[in-house]
Amino acid sequence: MNFDFSDDLKQLRDEARRFLSEQATPAVARRALDGQERYDATLWKAIAEMGWIGAAIPEEYGGAGLGYEGLCVLAEEIGRTVAPVPFASTAYLAAEAILLAGTEAQKREWLPRIADGSVIGCFALSEGTGNPDPRSIRARAVGGKLSGVKYPVTDGGIADVAIVVAHDEAGEIALYLLPLKGVARTDLKTIDPTHNHARFDLDAAGAEKLGAAGGWDQVQRLLDRAAILFAFEQVGGSDACLQMARSYAQERYAFGRPIGSFQAIKHKLADVYVALELARSNAYFGAWALAADASDLPLAAATVRVSATEAYHLASKENIQTHGGIGFTWQVDCHLFYRRAKHLGTTLGGAPFWKDRLVSLIETRNAA
Amino acid sequence: MDFNDTPEEATFRAEVRSFLQANAQPKAGTRPVLRQSGIDAEGVRRCKEWQAKKADAGFAGLTWPKRFGGREASPIMQVIYNQEEDNYVVPKGLYEIGLGMCIPTMMAYAKPEQLERYVKPALRGEEVWCQLFSEPAGGSDLAALRTRAEKDGDDWVINGQKIWTSGAHLSDFGIIVVRTDPNVPKHEGLTFFFLDMKSPGIEIRPIHQMSGARHFNEVFFTDVRVPDAQRLGAVGQGWKVSLTTLMNERLAVGDVQRPDVDDLVELARTVTVDGQPAIRNGAVRERIAEWYARSQGLKFTRFRTITALSRGETPGPENSIHKLVNASKLQDIASYGIDLMGEAGILVDDEVAEAYGMFQAALLSSPSSRIAGGSDEILRNIIAERVLGLPGDIRVDKNVPFNKVPSGSR
Ligand SMILES: Cc1cc2nc3c(=O)[nH]c(=O)nc-3n(C[C@H](O)[C@H](O)[C@H](O)COP(=O)(O)OP(=O)(O)OC[C@H]3O[C@@H](n4cnc5c(N)ncnc54)[C@H](O)[C@@H]3O)c2cc1C
Ligand SMILES: Cc1cc2nc3c(=O)[nH]c(=O)nc-3n(C[C@H](O)[C@H](O)[C@H](O)COP(=O)(O)OP(=O)(O)OC[C@H]3O[C@@H](n4cnc5c(N)ncnc54)[C@H](O)[C@@H]3O)c2cc1C
Numbered sequence: 002m003n004f005d006f007s008d009d010l011k012q013l014r015d016e017a018r019r020f021l022s023e024q025a026t027p028a029v030a031r032r033a034l035d036g037q038e039r040y041d042a043t044l045w046k047a048i049a050e051m052g053w054i055g056a057a058i059p060e061e062y063g064g065a066g067l068g069y070e071g072l073c074v075l076a077e078e079i080g081r082t083v084a085p086v087p088f089a090s091t092a093y094l095a096a097e098a099i100l101l102a103g104t105e106a107q108k109r110e111w112l113p114r115i116a117d118g119s120v121i122g123c124f125a126l127s128e129g130t131g132n133p134d135p136r137s138i139r140a141r142a143v144g145g146k147l148s149g150v151k152y153p154v155t156d157g158g159i160a161d162v163a164i165v166v167a168h169d170e171a172g173e174i175a176l177y178l179l180p181l182k183g184v185a186r187t188d189l190k191t192i193d194p195t196h197n198h199a200r201f202d203l204d205a206a207g208a209e210k211l212g213a214a215g216g217w218d219q220v221q222r223l224l225d226r227a228a229i230l231f232a233f234e235q236v237g238g239s240d241a242c243l244q245m246a247r248s249y250a251q252e253r254y255a256f257g258r259p260i261g262s263f264q265a266i267k268h269k270l271a272d273v274y275v276a277l278e279l280a281r282s283n284a285y286f287g288a289w290a291l292a293a294d295a296s297d298l299p300l301a302a303a304t305v306r307v308s309a310t311e312a313y314h315l316a317s318k319e320n321i322q323t324h325g326g327i328g329f330t331w332q333v334d335c336h337l338f339y340r341r342a343k344h345l346g347t348t349l350g351g352a353p354f355w356k357d358r359l360v361s362l363i364e365t366r367n368a369a
Numbered sequence: 073m074d075f076n077d078t079p080e081e082a083t084f085r086a087e088v089r090s091f092l093q094a095n096a097q098p099k100a101g102t103r104p105v106l107r108q109s110g111i112d113a114e115g116v117r118r119c120k121e122w123q124a125k126k127a128d129a130g131f132a133g134l135t136w137p138k139r140f141g142g143r144e145a146s147p148i149m150q151v152i153y154n155q156e157e158d159n160y161v162v163p164k165g166l167y168e169i170g171l172g173m174c175i176p177t178m179m180a181y182a183k184p185e186q187l188e189r190y191v192k193p194a195l196r197g198e199e200v201w202c203q204l205f206s207e208p209a210g211g212s213d214l215a216a217l218r219t220r221a222e223k224d225g226d227d228w229v230i231n232g233q234k235i236w237t238s239g240a241h242l243s244d245f246g247i248i249v250v251r252t253d254p255n256v257p258k259h260e261g262l263t264f265f266f267l268d269m270k271s272p273g274i275e276i277r278p279i280h281q282m283s284g285a286r287h288f289n290e291v292f293f294t295d296v297r298v299p300d301a302q303r304l305g306a307v308g309q310g311w312k313v314s315l316t317t318l319m320n321e322r323l324a325v326g327d328v329q330r331p332d333v334d335d336l337v338e339l340a341r342t343v344t345v346d347g348q349p350a351i352r353n354g355a356v357r358e359r360i361a362e363w364y365a366r367s368q369g370l371k372f373t374r375f376r377t378i379t380a381l382s383r384g385e386t387p388g389p390e391n392s393i394h395k396l397v398n399a400s401k402l403q404d405i406a407s408y409g410i411d412l413m414g415e416a417g418i419l420v421d422d423e424v425a426e427a428y429g430m431f432q433a434a435l436l437s438s439p440s441s442r443i444a445g446g447s448d449e450i451l452r453n454i455i456a457e458r459v460l461g462l463p464g465d466i467r468v469d470k471n472v473p474f475n476k477v478p479s480g481s482r
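Chains as they are written, first to last, in our numbering: chain P, 2 to 369; chain A, 73 to 482.
Quick caveat, the hints were computed from the structure, so don't treat them as lab data. Any given hint might turn out to be false.
[As the list claims (entries may be wrong)] Quick list of in silico lysine to aspartate or glutamate cross-link-like pairs, DMTMM-like style, CA-CA up to 25 angstroms:
1. Lys318/P / Glu358/A
2. Lys11/P / Glu385/A
3. Lys318/P / Glu362/A
4. Lys138/A / Asp77/A
5. Lys371/A / Asp8/P
6. Lys318/P / Glu449/A
7. Lys343/P / Glu362/A
8. Lys343/P / Glu358/A
9. Lys182/P / Glu105/P
10. Lys120/A / Glu144/A
11. Lys269/P / Glu358/A
12. Lys108/P / Glu60/P
13. Lys371/A / Asp294/P
14. Lys269/P / Asp448/A
15. Lys192/A / Glu157/A
16. Lys318/P / Glu390/A
17. Lys371/A / Glu364/P
18. Lys318/P / Glu457/A
Next up, chain P with everything else stripped away, as it sits in the complex (with noise of 0.2 angstroms):
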């Protein structure tokens, strides 16, 4: 058994680690915040001239033709850092659905320029509250027009193409290519301003469906594949919260002795690091699953999405926990993790709809 990443990709993940510690500092970060700007473009396109978002897209589309562990091992160090760039939405939404999804035509014209960096892509699926469910999905497509509304958007507002889910003239269940130039789109204020997110008003907006087949299985594949990847931005986050935990209640005294020599602190400290361990490692399970295209996929993806999400509410809570008051602050950096841990865990659903999925795969596979 070998169930652990490459040295190559530990090389990778250890550069791209020593990079976004210089480049994707939370300064950067706070200008996304402080509202001085949507996202970081200079960023950007540093990640994309380092091969990173086209790291599972195959070589003869312009990928780095990394593979998908590959990508894993970069969204942990994305993930480690609270970086305000549309990573996410690019690689592991837009560029998937078009892998997933379309024609070979499709995927010649958009996925090189996605590589590149030079296109910014986004899921377009949320019509305001609720989790996934194809019977909650207004929009529809007519001669190659689409109507509806859509929000949130993560990356909504920046990016140049969309994906978006809406019924085809037979009323199913489809993803669409629109691209966003001339798109009414509205910025939306959310509880992570270090991302954009957006309201799309579409009013016979040109698009073109993605591929000939559709239905929600489609859908339901896309946000499997893409729960896998968010999981290890998810255990990167969790990582650098406790690592941040720790140095601070190293650091800090109160009454007389280090806060962290506290078994209150300790013991917490230690059941995020419990939390943190079981969301890795059903995350290199998720990554075995993807590049080895398992049918295992979606139960890999349903496990690894519910503990990674809980292991990144609690790591980031409880940092700030530790922190004191002055983890309440503005200004010191533990609520950009806090934040950045709710948006990931809402974007593709919430926790109640991934367990719920999880137990129906559980089930589907005891019939088996």
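Once you've looked at the hints, dock chain A with the ligands against the given chain P.
This is chain A with the ligands only, laid out in the frame that chain P set:
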């Protein structure tokens, strides 16, 4: 990443499988074995028979030196053996401590002629060993133990009491750590021995456990003589020797205990909530999903440990996660399963109770898993201090002569 055996591992696995196929009954379709009661005379006989068979076929002490009947195999082979054996019903519970902890400590410290005498009979299961560490005043804080040993000629004379000694009543030999100097700080005054459990002056009283079993014991020592030749390590070095034993305890990767989440899923299909199978109930589904995610997380954490073992690395303190998660999961799943059964959840007769009484048995035995072999709190301390690098607890007994350390009334 892959889940494949190396060619060498695959060959070994096939060898294990054919041994087990020929000699044991597969678990599939059989009732779960509830280890609610202790081991009776018939149980001892079956354990001994199985251990001899296993040793003769070369599957006992896999990682041990060849001259003691082992194979000098890497720890990964032990993992493979355990994985395969877990698919069969085999008698358990008599040798884990002796072979997992006592004999490895002997191998690190005993004289060659002693190893010649003791290792093989232990390996074949002819002689049973126990671990005499804990005392009323020294559990988590093992080094606070008070049992005294005083030198008398070529012997040491032991007086005092051990407690919670699993299997003492079935054992032929034991390893013991005792205080030989109360005038120095607690860790410095300890010395380690092995002894014959039939020595005059030893009295063993089984303790009735809350689960109903009687598997651990009080062991009283009145002027028990142990030859100095049976000392392991130098006088005053008993703490260091104990750590060898405890390190081996940590390496023992526990098997998954039942009921696990799959048993809960099965139960939720058969019992009803609000006129429907419980598994259709949203609240029940959430709980199942959470335990499934934990259970899988632990399984894949084990795979990461196995990967490290297979590269020849030694698992460190991070390995504490296994028991910490497993013990509470077992207790909580047992409790929740019983809740789902409603009032009949209190029934324990395995002919009448749901799932052969598996949940009830686990409810009553699982508290021990959170205490024995390092309590939950001690494991969290280990993770916090040795994995995360947080400061140690403040110790009021540090650098104080043992006989000046405060002690309570319990
Ligand atoms: C919204 C808000 C309003 C406030 N308003 C006021 C105000 O009006 N006036 C005022 O004077 N103060 C005010 N405070 C300050 C507040 O009382 C302190 O933040 C609080 O006492 C914690 O102290 P600290 O921030 O220094 O954290 P620390 O004391 O440094 O604590 C950091 C962490 O260590 C833990 N910890 C500390 N000691 C121990 C211990 N012995 N055992 C276990 N864990 C320990 C804490 O629980 C915490 O998790 C306010 C704080 C907030 C967040
Ligand atoms: C089924 C079973 C089998 C056993 N078999 C053996 C055996 O074969 N040989 C043997 O030698 N022993 C054996 N033991 C004993 C076992 O090792 C001890 O029970 C264990 O080390 C805890 O010690 P204690 O019972 O004295 O509890 P204590 O150490 O008194 O602990 C009581 C409570 O205080 C907590 N606590 C203690 N210290 C700290 C601390 N520093 N910080 C925070 N919390 C703390 C503990 O976590 C626990 O919750 C067995 C125990 C059980 C339950």
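Comparing the hints with the structure gives:
1. Lys318/P / Glu358/A: Holds, because 21 angstroms separates the two Cα atoms, which is no more than 25 angstroms.
2. Lys11/P / Glu385/A: Answer holds: Lys11/P to Glu385/A is near 17 angstroms, not above 25 angstroms.
3. Lys318/P / Glu362/A: holds, 19 angstroms
4. Lys138/A / Asp77/A: At roughly 24 angstroms apart (the allowed maximum being 25 angstroms), Asp77/A and Lys138/A satisfy the hint.
5. Lys371/A / Asp8/P: holds, 23 angstroms
6. Lys318/P / Glu449/A: Within the cut-off at roughly 22 angstroms; holds.
7. Lys343/P / Glu362/A: OK: Lys343/P and Glu362/A at ~18 angstroms, within 25 angstroms.
8. Lys343/P / Glu358/A: holds, 19 angstroms
9. Lys182/P / Glu105/P: With Cα atoms ~23 angstroms apart, Lys182/P and Glu105/P stay inside 25 angstroms; holds.
10. Lys120/A / Glu144/A: Given pair Lys120/A, Glu144/A holds - Cα atoms ~23 angstroms apart, limit 25 angstroms.
11. Lys269/P / Glu358/A: holds, 24 angstroms
12. Lys108/P / Glu60/P: holds, 12 angstroms
13. Lys371/A / Asp294/P: holds, 21 angstroms
14. Lys269/P / Asp448/A: Holds. Lys269/P to Asp448/A sits at ~12 angstroms (cutoff 25 angstroms).
15. Lys192/A / Glu157/A: holds, 22 angstroms
16. Lys318/P / Glu390/A: holds, 23 angstroms
17. Lys371/A / Glu364/P: holds, 20 angstroms
18. Lys318/P / Glu457/A: Cα-Cα ~21 angstroms, so holds.
The structure meets every hint from the earlier list without exception.
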